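With the hints as constraints, model all of the structure from the sequences given.
For the record, the sequence lines run as chains W and E. Everything in the first sequence is counted per UniProt numbering, starting at 1 for the first residue and increasing by one. Everything in the second sequence is counted per UniProt numbering, starting at 1 for the first residue and increasing by one.
No wet-lab data here; the hints were simulated from the structure. Worth double-checking, as some hints may not be accurate.
Derived, one-sided and incomplete: chain W residues facing chain E with beta-carbon distance under 7 Å [said to hold, decoys possible]:
#1 E44
#2 S207
#3 R278
#4 G289
The structure displayed is predicted, hence computed values, not measured ones. All C-beta atoms in this analysis are idealised placements derived from N, C-alpha and C, irrespective of residue type, glycine included.
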Amino acid sequence: MTAAVTEAFGPLDAFAHPALFYRDEQEYLDGTLPFVRDGLEAGEPVAVAVPDKNLDLIRDALGDAAGSVRLLDMREAGRNPGRIIPGVLLAFADAQPAGRRVRIIGEPVWAGRSATEYPACAQHEALINAAFRGRPATIMCPYDVARLPEHMVADAYATHPAVIQPGTRAEEASAAYAPEDVVLRYNEALPPVPEALTFAFESDSLSHARHVAVGEGARLGLVGVKLDDLALATAELTTNSVVHGGGSGVLRVWSEDGYVVCEVRDDGRLGDALAGRRPVPRDQRGGRGILLVNLIADLVRVHRGDDGTTVRCWFAR
Amino acid sequence: MTRQQLSATGPVPGLAVFPLAGQQGVRAAGEVGLTTRAIWEGVLEEAVREGEDVYYLELSDVTFVDVAGAGALAAAAGQLRDGRRFVVRRPPPALRRTLDLLWPGQSGIEVSTS
Numbered sequence: 001m002t003a004a005v006t007e008a009f010g011p012l013d014a015f016a017h018p019a020l021f022y023r024d025e026q027e028y029l030d031g032t033l034p035f036v037r038d039g040l041e042a043g044e045p046v047a048v049a050v051p052d053k054n055l056d057l058i059r060d061a062l063g064d065a066a067g068s069v070r071l072l073d074m075r076e077a078g079r080n081p082g083r084i085i086p087g088v089l090l091a092f093a094d095a096q097p098a099g100r101r102v103r104i105i106g107e108p109v110w111a112g113r114s115a116t117e118y119p120a121c122a123q124h125e126a127l128i129n130a131a132f133r134g135r136p137a138t139i140m141c142p143y144d145v146a147r148l149p150e151h152m153v154a155d156a157y158a159t160h161p162a163v164i165q166p167g168t169r170a171e172e173a174s175a176a177y178a179p180e181d182v183v184l185r186y187n188e189a190l191p192p193v194p195e196a197l198t199f200a201f202e203s204d205s206l207s208h209a210r211h212v213a214v215g216e217g218a219r220l221g222l223v224g225v226k227l228d229d230l231a232l233a234t235a236e237l238t239t240n241s242v243v244h245g246g247g248s249g250v251l252r253v254w255s256e257d258g259y260v261v262c263e264v265r266d267d268g269r270l271g272d273a274l275a276g277r278r279p280v281p282r283d284q285r286g287g288r289g290i291l292l293v294n295l296i297a298d299l300v301r302v303h304r305g306d307d308g309t310t311v312r313c314w315f316a317r
Numbered sequence: 001m002t003r004q005q006l007s008a009t010g011p012v013p014g015l016a017v018f019p020l021a022g023q024q025g026v027r028a029a030g031e032v033g034l035t036t037r038a039i040w041e042g043v044l045e046e047a048v049r050e051g052e053d054v055y056y057l058e059l060s061d062v063t064f065v066d067v068a069g070a071g072a073l074a075a076a077a078g079q080l081r082d083g084r085r086f087v088v089r090r091p092p093p094a095l096r097r098t099l100d101l102l103w104p105g106q107s108g109i110e111v112s113t114s
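Following this line, the structure appears as structure tokens:
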């Protein structure tokens, strides 16, 4: 695990990934607007993916120029942090002409992110550096240092090679930059939930496992597309266990706050740090299971252990 | 409090395939997953080899298609030339969802809900 994570990070060259620290709306606009306008003036494609209220601020301040910027509400597009790299950042960057520098403002961490979501946010911020290594892109990540807990701000120093202090426009190198450490530190164990419905599966019972998950999901209040998504996620995760994870695994389903949670545990080792976070070329067969789970779930947490892998996904009721 | 369902019972669902009367294509029944993938891929390979402009895949009795099954359909459709296409009739929701998310605008696939 350590070697695989270390290998994924390297010299950043063309890629820049500063954290923008801000305390109020004025500092937010002072930091983000010049970044957007400089990009537009340079003819660079620009995207802004931030929570709805901040998106409104930027849209209003840009006026007509907002029409030239791809605007996304990060609360929706990036609800699951594991979806942000493939579904927002790389989706935008890959759609531009090859070699063209892109600019993105991405704000995946906001006050109100739950303690369950946050480890996935921190890992996402760290893995951006691996996903964009060597690519001509700048991704600026605003952090509301007035409202975010101290440990989240401290993590921003570890996941960003440069930071911009509140009210300044100058980038300073972050001496604490250590994205591999963040990926490993937030690789938290996901102990079994005792009250969950539990189903041990193997190749012959894959279909049954899916029916068990859908039945329990429906009983717990999931309907419509969310129930279809639970079926898809269960099928992909259990099939991965059979094909790559030692031939069998254990499925668990339970409810938690406003969510139905589905978990698959197996004896396999998930080596690739960016598994499920890369768009897959159209002509490549296979390798899209975890990517799809990231795209449809409201949250995905993964624990990569020495003796197995656990993937847990949340679906809002 | 723990509710355990430790083992599966009942037969493993298969995938049955029948020729369509009066049209070029097949009707499938069952589900497309790991254990039926080879059957599904065989259907698609044959469909690509057929020379007709339109090849119908009647899927109203297919209850589920996993991502690999959707990928096989997208790959087969990608091999169609000269305006040929698959008309996928009444596919299960999982297949539409997967195609929309992972193969948006894939040429050679027309989804029909009627």
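Hints, verified against the model:
For W/E44, the shortest C-beta to C-beta distance to chain E is roughly 25 Å, which exceeds 7 Å, and the interface hint is violated. Below 7 Å, beta-carbon pairs count as interface contacts, and W/S207 has one with chain E at about 5 Å; its hint therefore holds. Restraint check, W/R278 versus chain E: the minimum CB separation of about 12 Å is more than 7 Å; hint violated. Using the Cβ-Cβ criterion of 7 Å, the hint placing W/G289 at the interface with chain E is satisfied: the shortest such distance is roughly 5 Å.
Consistency with the previously given hints fails for numbers 1, 3, ordered from lowest to highest.
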